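> Spelled out, the chains give:
2 protein chains.
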Amino acid sequence: MNYLGLDIGGTELKAGLVDADGQILRSETRPAQARNLAGLIDTIGELLVSVSGDAAPVALGVGVPGLISPDRDEVDFAPNLTILNGARIGALLGEKTGLPVVVRNDADLNAWGEFKAGAGQGTSHMLCLTVGTGLGSGLIVDQQLYTGTSGYGTEAGHIVVDPDGRACGCGGRGCLETVVSATGIVATAREGVDNGKETSLRAVLEETGGRLTSKMVLDAAVAGDRFAASVYTSVGRFLGIACSSLINLLNLDMIVIGGGVSAAGRYLLDPAIEEAKSRTYRHTFDSCQIVSAKIGSNAGIVGAALYAAQHSS
Amino acid sequence: MNYLGLDIGGTELKAGLVDADGQILRSETRPAQARNLAGLIDTIGELLVSVSGDAAPVALGVGVPGLISPDRDEVDFAPNLTILNGARIGALLGEKTGLPVVVRNDADLNAWGEFKAGAGQGTSHMLCLTVGTGLGSGLIVDQQLYTGTSGYGTEAGHIVVDPDGRACGCGGRGCLETVVSATGIVATAREGVDNGKETSLRAVLEETGGRLTSKMVLDAAVAGDRFAASVYTSVGRFLGIACSSLINLLNLDMIVIGGGVSAAGRYLLDPAIEEAKSRTYRHTFDSCQIVSAKIGSNAGIVGAALYAAQHSS
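Heads up: the sequence lines are chains C and G, in that order. 312 is the number that my numbering gives to position 312 of the first sequence; each next residue is one higher, with no gaps. 151 is the number that my numbering gives to position 151 of the second sequence; each next residue is one higher, with no gaps.
Don't read these hints as lab results, they were simulated from the structure. Nothing here was measured: the structure is a model prediction, and the numbers come from that model. Beta carbons: idealized from backbone N, C-alpha and C, even for Gly. Misleading hints may appear alongside valid ones.
Okay, the calculated bits of chain C under chain G, using three or more residues with CB under 8 Å as the criterion [what the hints assert, rightly or not]:
| id | segment |
| --- | --- |
| 1 | 25-36 |
| 2 | 161-167 |
| 3 | 170-179 |
| 4 | 251-265 |
| 5 | 280-294 |
Produce the complete structure using the sequences and hints provided.
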């Protein structure tokens, strides 16, 4: 049997036809722009028809970038796609497709994908951090998706790692995602440039007219720019601080690091692992692997489809 | 039916005879000193006989200040009572008493006591922070005790709240318990005195020959010493930072603050709640109550007894 997985992002809709083993048979993307909710639902409907082709998927899983209400049907708060605020997305897509639908937070389903078909296979207590523009997370407890008392967990991006640090979109300060994210990497790099550090990034900024991405910082590091490498070391250290808190708190057997920023590989993971080790009891540290995601950017659609396979009624 | 609850502390053994509703029928304490493990087991045996009286308890729950192995029987690491390291405490006390025995971390059973018979009754996702000399914690997830992949969770005292802060016994730095604990309160007060703050604590220190306790700091605050009050505000602020991380991460419906230090009441809780509110999404903050423990210092024996009632075989 096949299943549909839909990953609704702030800028892009991605859908996949996925088999019971988590293999993607076909996938497509569309821009997430729409005039209103009805327009967005129409676009999603067309996307799902297209990606289904002549297959007959039996359930649809939907990942949404926001907080999902306890009845798993309504979007309570989607800061990066406000058109969805208050939308009964599950019911609307059920009517549109005739399929049973389950709706969850996108980072939760990303974690579910890595747990069922990626790096986390065989674990029981696993956290997946998705490091992109921001930082999303999903937690697996006793092989089940953990969503908390009202469906809003887990938001590991808002663990405080630097109490007097940068202001965060959540209203707080020094949250993990203000440092460990593409945005955080660029901010850290800019601070260094502004403080007169010797780096090739100064020339990059002149060339791009002031535009800088985390990829540019990584490219500079790979090319031997010591300051650029130190940015990743510093960011990785904060990732490690968060990992130590999470390991001490939850005695996890695995932390999976995914998302676009995880392309930095050892530049990010080595300092993170070193820092986490220095801040944890040996017993709990030794119980936990910190690894890169395996499925990567398609984990969201794989997780959505496999979650629907198991949990749609 | 009645049950025995035993709370093994670093300095004191406390045992209680508890009924199925969590009412303590009788309790006793003994010093935890012993030459060796056999001596400690003998002392515990005598204590349990004494507290049982002519009742016939049907199970024994034991709280241990350390990490308990996955099979729930052996103490892997008890930093404050090293005589227990490696002890198969469950088997030894089973032989001694003839009762079915369950062994868990003391802070976990403290949390279980507050969950079943105290402030946390009726919740589903609850964390109990026990703030004493250090800071212990226990987490309830879906009305079950959460202990993690190898039984070592949860150690909320080792969430990092101040990355470059005080050195912690765990080898890390700036862990929650370096600030939010009796030890942390005294350290914060001493720093202020050393930095020349105007405070009645200077006279207290002269009077005691340099000895200071968190209770003395609280007494000064209650008597109107503004610096002493500011120590609790500062410590409460870090408690709030940790609460915000925990609420954002776990979408809890309650955080219970217990332990000796929680006697500070609003001096500690008000700044904690204010800080947590400023660092969380409204949706998740509104889902969570931050309250004082109800059972208090006997929660450990109540939790141990009620856990044994439900989980001993």
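> All the hints need checking, so say for each whether the structure fits it.
Each hint tested on the structure:
1. 25-36: It is violated, with 0 qualifying residues against the three required.
2. 161-167: holds (count 3)
3. 170-179: Per the Cβ count (5), the hint holds.
4. 251-265: Since three or more residues must qualify, the claim that chain G covers the segment 251-265 of chain C holds, with 3 doing so at under 8 Å.
5. 280-294: holds (count 6)
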